[in-house]
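Numbering of the sequence shown is given in the numbering used here, commencing with residue 1 and proceeding in unit increments.
Source of the hints: derived by calculation from the structure; they are not laboratory data. Be aware that a few hints might be false.
What the hints assert, rightly or not - Once the Cα atoms are required to be at most 27 Å apart in a straight line, the calculated BS3-like pairs of lysine-lysine come out as:
# : residue 1 : residue 2
1 : Lys43     : Lys32
2 : Lys13     : Lys2
3 : Lys38     : Lys50
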Amino acid sequence: MKHKPVNTAAFLKLIIISSLLFLYLHIFYFNKNLNSIKAFCEKILTNMVKNH
């Protein structure tokens, strides 16, 4: 099977755009929930300290 250069370029563009979009959404979501993540980590750490 031979791949056409145009199809390959379009596919690569699609991958790049989707990864950038995913990265943007991930960063946005992470920044939005940074405090809750911090609290969650602290809860886990305190539980680990209590257990050991």
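Violated hints - listed by number, lowest first: none
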